[in-house]
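Trainee: What follows is the residue order along each chain.
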Amino acid sequence: TQLLEQSPQFLSIQEGENLTVYCNSSSVFSSLQWYRQEPGEGPVLLVTVVTGGEVKKLKRLTFQFGDARKDSSLHITAAQPGDTGLYLCAGVRGSNYKLTFGKGTLLTVNP
Amino acid sequence: NAGVTQTPKFRVLKTGQSMTLLCAQDMNHEYMYWYRQDPGMGLRLIHYSVGEGTTAKGEVPDGYNVSRLKKQNFLLGLESAAPSQTSVYFCASKESGTSTYEQYFGPGTRLTVT
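For the record, the sequence lines run as chains A and B.
Per my numbering, numbering through the first sequence is continuous, rising by one, with the last residue being 111.
Per my numbering, numbering through the second sequence is continuous, rising by one, with the last residue being 225.
By construction, these hints were calculated from the structure, which means they are not laboratory data.
Be aware that a few hints might be false.
[Stated by the list, open to error] Not everything, but these chain B residues come out facing chain A in the computed CB check (under 8 Å): (1) PHE121; (2) ALA135; (3) LEU156; (4) PRO172; (5) ASP173; (6) GLY208; (7) GLN214; (8) PHE216.
Glycine included, each C-beta is placed from N, C-alpha and C at the ideal position.
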């Protein structure tokens, strides 16, 4: 059972365009994380959102946690080829900080 | 600091063979995790450990065993490999406490079972 639905699964855009990736669940998570993974490497944490309604910005990336702590979004402004990669959302559950991952969004930014 | 390292990086096994994947971290982290990543499936938790000498099952534990004899090492074993275990395996670690949720991932081991 996939508890986190991530969309879209694939996204190919031109440099300079904006995009949004969504992460939705019917379950409540204590926090939600976004990771970025490049080919041949492990995921690297971008951000953790903890409070319902929280918005965090990381340069051109804006992350939002839904008020009910069931969904999140990642918005990239003026995408660049260096943003290319697999973006994964992950929900934190339980006292042992186990992560439940979405299936990922493979983003390609074309020059 | 090397962070989280995994050995080997690549391995090909025949059905029925056994092997052990080694994960090592030099950050003195209490928590360690093993995930597998399959195309279109994201990462799924196999087993995890909350400290030296402890292990627990994750989402997809069948066919795998783990051990955490030393705090810095977390071993993942396949006793009788099956083609369904062809995957990329990632180890991760996390420090104890509630001040941070970040898991640090290793570079992965690509396993093919023929």
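Trainee: Indicate, hint by hint, whether the structure satisfies it.
Mentor: Verification of the supplied hints:
{"no.": "1", "hint": "PHE121", "verdict": "violated, 11 Å"}
{"no.": "2", "hint": "ALA135", "verdict": "violated, 14 Å"}
{"no.": "3", "hint": "LEU156", "verdict": "holds, 6 Å"}
{"no.": "4", "hint": "PRO172", "verdict": "violated, 12 Å"}
{"no.": "5", "hint": "ASP173", "verdict": "violated, 16 Å"}
{"no.": "6", "hint": "GLY208", "verdict": "violated, 10 Å"}
{"no.": "7", "hint": "GLN214", "verdict": "holds, 7 Å"}
{"no.": "8", "hint": "PHE216", "verdict": "holds, 3 Å"}
Against the hints set out earlier in the document, violations occur for numbers 1, 2, 4, 5, 6.
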